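Chemist: Chain residues, written in single-letter form:
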Amino acid sequence: MTPRIDITLNVNGSDHDIRVEPRRTLADALRQDCGLTGTNVGCEHGVCGACTVLLDGEPVRSCLMFAVQAQGRRLRTVEGLANAEGLHPLQQAFTDHHALQCGYCTPGFLMLAAGTLERHPDIDDESLREVLSSNLCRCTGYQNILRAVRAVRDSRRLAREDAR
Amino acid sequence: MKPAPFQWHPASSLDEAVALLARYAPEDGRVIAGGQSLVPSMALRVALPAHLIDINGIASLARLEVEAGRLSIGACVRHAAFEHPVEPGVLGRLLATVAANIAHAPIRTRGTFCGSLANADPASEWCLVAATLGATLVAVSARGTREVAAADWFHGIMTTALAEDELLAEARLPLLATDARAGFHEFSRRAGDYALAMSLCTFRVVEGRMREARVGVGGVEPQPRRIPEAERLLEGERPEPETFARAARAAADAVDPLEDIRTRAAYRRDLVAASVRRSLQAACDDTH
Amino acid sequence: MSGGHASSLAPGQRHNGDADPRRRFVGARVTRLEDPPLVRGQGTYVGNLGFPNQLHMRVVRSPVAHGVLRSIDTSAAREHPGCRGVWTGQDVADIPPITFRPTSVQGLEPYRQYILARDRVRYIGEPVAVVFAADPYVAEDIADLVTMDIEALPVLLSADAPPGEFAPGHSTEAGVLRKQFGDVDAAFREAHEVVEVDVRVGRHSGVPMEPRGALARHDHSRDVIELYGAGKRPHAHRDAVAALLGRSPVGMHFYEGHIGGGFGVRGEIYPEDVLVCLAALRLGRPVKWIEDRRENLLACNHSREQHHVVRAALDRDARILAIDAKLWHDQGAYIRTHGARVPDMAMGTLIGGYHVPAYRAVGHIRLTNKTPAATYRSPGRFESTYACERLMDAVAERFGLSPIEVRRRNLIRRDQYPYPRPMEILDHPVELDSGDFPRLLDRTLEHLRWDDLQAEIARRRDAGECVGVGMGFFMEKSGLGPVDGAKVNVDTRGKVQVVTGSSSIGQGVETVMAQICADALGVDYADVKVIHGRTDMIDYGIGAHASRATVMTGGATRMAALNVRRKALEFAAAHMIEAPIEVLDIVDGKVVRTDRPGEPGIPLGRVAAALAPSPEVVAFGIPGLTAEGWFETAGLTHPYGIHTAVVKVDPDTGGVTVERFHVAYDIGCAINPMLVEGQIVGGVAQGLGGALLEEFVYDERGEPLSVTFADYLMPTAREMPPVEVLLTEDAPSPNNALGMKGAGEAGITGVGAAIAAAIDDAIGKPGAIRELPVTPQRLRAILAGRPAGA
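Protein chains in written order, with numbering that gives the first Met the number 0: chain A, 0 to 163; chain B, 0 to 287; chain C, 0 to 789.
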């Protein structure tokens with residue numbers, strides 16, 4: 000054991016004052032100390048992507064960061080996607096396109112897709128496949144995940160064009 | 000797979016970082032930047048640092064600039080920074096091609112160029128870039144600053160010239176000539192996996208003949224390196240598939256591949272031949 | 000139709016005919032009821048659960064593949080200030096080894112695993128000790144302090160090698176299985192040709208995204224041990240774990256929550272599950288164990304590793320006279336809960352959908368110093384289909400016929416069903432219930448535009464590309480019975496609850512049961528809530544494995560819903576509506592008069608309220624709008640399919656790109672085609688993993704090398720080809736009222752066979768592929784004429 004450190008994590012717009020050992024991964028801090036268990040842990044060595052969260056808008060593996068390193072950053076997790084009006088379009092699309100089965104990889108895929116579409120709203124299909132190959136899913140064979148994310152990209156594109 | 004305990008020392012300046020390193024390196028202290036290789040090793044308890052000196056908060060190390068004919072890359076510049084060309088020339092384009100082969104997007108968000116060089120994994124793309132293009136590495140410690148040529152940097156599998164109290168503060172890559180052509184190819188089992196073999200080639204074509212050819216091979220031997228046997232076969236020749244195949248064969252013969260139960264030497268030689276030939280062809284086609 | 004019947008153990012007259020009143024949700028592509036909490040991050044995976052004052056358990060595992068366990072030093076661990084307990088084998092010496100399912104196979108008992116190693120260790124990763132601490136990080140620190148003295152013994156890593164000693168008096172050959180019918184020897188004597196293949200499937204497994212986990216607590220108020228994180232077979236395993244602990248089953252309850260993937264490996268009884276229950280009992284605190292990924296790849300069941308030598312005797316027209324199969328099954332270090340089921344199923348299904356007059360199979364169950372093996376999605380069938388289809392391709396080559404023509408000549412015809420085979424699988428007689436394989440082949444070729452595909456491949460080959468197409472035909476088995484039950488009740492607000500003994504491992508069982516219930520009862524599927532994985536809410540359950548949930552639990556759900564429907568109509572007719580029952584129906588959750596279409600109906604909630612206990616109701620029957628239903632199947636159902644792969648080979652690197660994958664599958668009746676397709680596409684991904692990427696590699700000392708996700712390679716989105724699914728319902732099962740057959744394994748069974756055939760075709764070397772996975776190195780060695788592994 001090493002002395003624990005008091006830190007504040009800003010997650011989905013709320014501050015969480017927690018006390019952690021330096022070795023505590025961001026994933027474990029979110030889950031155990033902030034009570035945000037939506038972020039799943041699948042491998043703890045940065046390959047599967049189940050623990051993907053957004054760090055200042057960018058997708059990162061929360062198992063490959065220590066919680067103490069996330070102070071002063073803005074974190075977003077799956078719990079922050081839906082709002083009072085309902086599901087985030089990606090959450091709805093994952094349901095509509097049957098893009099999940101056991102659901103364990105789903106939060107990671109949702110955050111990866113959310114971060115990607117926010118930064119690259121016009122991402123092409125091949126690049127999207129490339130990005131989504133960052134995370135592992137063992138149930139769906141990916142086909143419906145790709146469909147769901149493409150559907151959200153396309154509907155947002157249409158909405159933007161309509162707005163013009 | 001929970002890391003063993005360590006003490007965390009965030010540094011806010013390079014001076015502070017090297018002072019911390021001078022103090023804690025003898026007590027199993029290490030530098031953490033992106034942590035995308037270090038943290039998995041710690042999760043597996045293969046790496047057991049007692050102290051981590053965290054350099055992510057040092058603003059000056061995020062520097063990424065072209066100056067005096069070279070690209071200077073600070074210790075906190077992430078892989079993702081290279082996904083779009085960092086300079087308008089051949090080098091910027093090449094680095095973008097290479098970056099796309101490094102792991103996956105969320106890893107590139109955190110992992111750093113200099114971290115890859117300090118880690119010196121044989122299969123690191125950036126190490127191959129540094130070795131082939133002749134990078135200069137800037138090592139800083141409380142004792143002072145020194146520059147190390149890439150040729151002197153790699154000392155084997157995950158071993159470098161960096162002393163225990165030194166921090167790799169910056170890497171410098173020479174810009175490529177405006178008429179240079181560059182090609183990169185790697186073979187891996189899946190998207191984003193470590194390469195089983197890769198090659199980076201550059202040359203210029205002057206009056207139809209290849210000049211200043213460089214052929215680098217990585218992921219095959221304990222460290223990446225240029226293959227003079229292949230380069231010689233290119234110098235002064237026309238950029239043609241038959242020539243590329245000859246050079247590729249020479250490279251395959253010249254290497255002394257790492258071998259393990261999963262990847263045999265004979266197979267790695269095959270991959271070297273394929274990678275060198277394809278990277279040469281990619282360079283040939285790299286006419287902007 | 001023959002042999003099949005659906006029965007209710009509480010029979011009574013049914014209204015509106017025997018068939019379901021209507022089909023509104025059955026067959027519809029409705030979205031899943033499971034999804035809302037999962038997309039919101041509100042899953043109840045066991046890792047997300049916890050109780051006050053809980054301890055974390057960490058397992059200390061053997062670092063040696065085979066050896067005598069001389070001593071274990073726990074002193075340093077005990078001195079750690081965070082240590083709340085350390086156990087070794089001596090501390091749990093009263094717990095018997097983990098049992099396996101009932102089987103007629105004799106002699107497996109000595110090969111069972113104790114929850115902590117006793118005198119010997121037999122694989123790297125075997126639990127040797129456990130430590131307990133309040134924090135999982137600290138538990139891992141403490142576990143690292145446990146050391147052991149192990150005297151190494153010779154390591155056995157191959158099921159083909161001569162057997163060694165498992166324990167004094169027990170060989171590493173745990174048993175030899177035999178199946179036979181017809182006169183095999185005579186057929187080979189009289190054969191026009193004999194064709195033999197020698198083929199291997201590598202060691203790989205299910206590897207769900209959620210590692211295993213278990214959380215146990217002792218609820219003293221009821222004296223019940225609760226285990227959270229159960230799955231697959233909660234009832235059977237509750238009973239088995241209770242027996243190991245010497246408790247009565249009523250003193251133990253299993254709770255499932257969300258499960259991050261099953262695939263055969265999750266939810267079995269492992270040492271860790273028993274240990275947490277025992278620890279909760281003995282330490283008096285809730286105990287949680289969450290597996291990490293390295294442990295998962297070391298210690299969760301492996302599967303598939305099998306060597307087959309298969310011969311066919313053929314007449315002059317390439318028709319099969321007999322098949323003779325020998326196989327060597329690498330069971331790993333111990334016999335686990337499945338006993339001999341995997342090789343048994345491999346042997347029982349190896350002859351697939353072909354008419355085989357005589358058949359003999361001999362299966363050697365061999366123990367090795369590797370992680371114990373058991374079932375993985377399509378257990379035995381992925382392997383046997385690969386072996387059989389390699390053989391059929393070899394027959395085609397020998398006779399100079401197309402692979403398709405050889406199949407056409409040997410597939411069982413529609414008029415031959417029901418097609419009995421005088422042997423048993425898992426102690427059940429084999430009778431293929433229904434099928435029309437030739438028709439599925441025709442439809443497949445049409446759907447693929449076979450001639451266009453062949454022309455395209457020819458054109459690309461002329462241009463120098465190395466492309467090919469291959470097929471894998473498979474006969475699955477599903478709907479393992481014999482009986483399952485369910486309870487349906489309607490509350491006073493009209494919401495329906497179905498209580499099942501099934502398990503949800505991500506496959507969509509809640510939605511499918513809701514669809515079946517909704518149509519049988521006459522309500523919206525979204526108003527149906529399905530309970531599963533709760534041993535405290537229903538006395539019996541079959542769980543979810545062997546593609547049985549839809550057929551068996553679906554059958555039971557339907558019976559229970561029909562019983563509720565009848566009860567509602569009878570009560571309404573007698574006490575709420577002055578009308579004969581014949582004119583009543585339930586539509587959209589309301590009892591309505593069919594002879595007066597405009598009248599508002601009576602909501603089922605009101606019927607339920609009226610059925611609250613009262614003298615009048617008791618006089619009518621059992622209070623509550625509730626009923627049980629039981630379903631008994633006459634036998635297994637046998638869905639079948641054809642996988643087709645188009646691959647491109649990079650001859651310089653040995654790399655294989657799967658460009659296209661097609662699955663034709665006859666499911667009899669698809670309750671929700673969207674979910675069936677989801678099962679199939681997901682199965683294809685796993686199959687491609689096993690065919691091309693995934694392999695548990697060991698070095699010569701028995702050290703497992705595939706213990707991270709950087710070494711155990713599962714397909715990503717980039718490796719997946721587009722998968723086309725042709726779902727047909729040409730051969731409904733006569734064994735249940737809806738004609739259902741299982742869906743869970745259809746995507747994976749034929750993948751190894753199809754990929755091997757496609758690569759053969761691409762490189763123009765028939766029969767070249769003899770080993771899965773076809774790694775680039777192996778393929779490059781074939782192309783370069785080097786020995787395998789060089």
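One thing to keep in mind: the hints can contain errors.
So these bits of chain B aren't anywhere near chain C, every CB distance computed over 10 Å [claimed, not checked]:
id	residue
1	L13
2	R145
3	D178
4	D192
Here are some chain C residues pointing at chain B (derived, C-beta under 8 Å) [said to hold, decoys possible]:
id	residue
5	D535
6	T625
7	T656
8	L704
9	T715
10	R779
11	R785
Treat the hints as calculated values from the structure; they're not laboratory data.
All values derive from a computational prediction rather than experimental measurement.
Backbone N, C-alpha and C fix where the C-beta goes; we use that ideal spot for every residue, glycine too.
Chemist: Holds or violated: the hint that L704 of chain C contacts chain B, with Cβ atoms closer than 8 Å.
Modeler: Nearest chain B Cβ about 7 Å off; hint holds.
Chemist: Let's test the interface hint: is any C-beta of chain B closer than 8 Å to that of T656 of chain C?
Modeler: violated (12 Å)
Chemist: Against chain B, is R785 of chain C within 8 Å by beta-carbon distance?
Modeler: holds (6 Å)
Chemist: With d taken as the least Cβ-Cβ distance between D178 of chain B and chain C, does d exceed 10 Å?
Modeler: At roughly 29 Å from the nearest Cβ of chain C, D178 of chain B sits farther out than 10 Å, so the non-interface label holds.
Chemist: Just want to verify: D192 of chain B was marked as not at the interface with chain C; is every Cβ pair farther apart than 10 Å?
Modeler: The claim is violated: D192 of chain B sits with its nearest Cβ about 7 Å from chain C, within 10 Å.
Chemist: When the nearest CB of chain B is found for T715 of chain C, is that gap smaller than 8 Å?
Modeler: Given a least distance of 5 Å, the restraint on T715 of chain C holds.
Chemist: Close enough to count: is the Cβ of R779 of chain C nearer than 8 Å to one in chain B?
Modeler: Hint on R779 of chain C: holds, closest Cβ of chain B at ~6 Å, below 8 Å.
Chemist: With 8 Å as the cut and Cβ atoms as the points, is T625 of chain C at the interface with chain B?
Modeler: violated (47 Å)
Chemist: Quick check for students: does the CB of L13 of chain B sit more than 10 Å from each CB in chain C?
Modeler: holds (32 Å)
Chemist: Measuring from the C-beta of D535 of chain C to each C-beta in chain B, is the shortest one below 8 Å?
Modeler: With a closest approach of 33 Å, the D535 of chain C hint is violated.
Chemist: Is the claim that R145 of chain B lies outside the interface with chain C correct, judged by CB distances over 10 Å?
Modeler: holds (34 Å)
Consistency note: the structure conflicts with the earlier hints numbered 4, 5, 6, 7.
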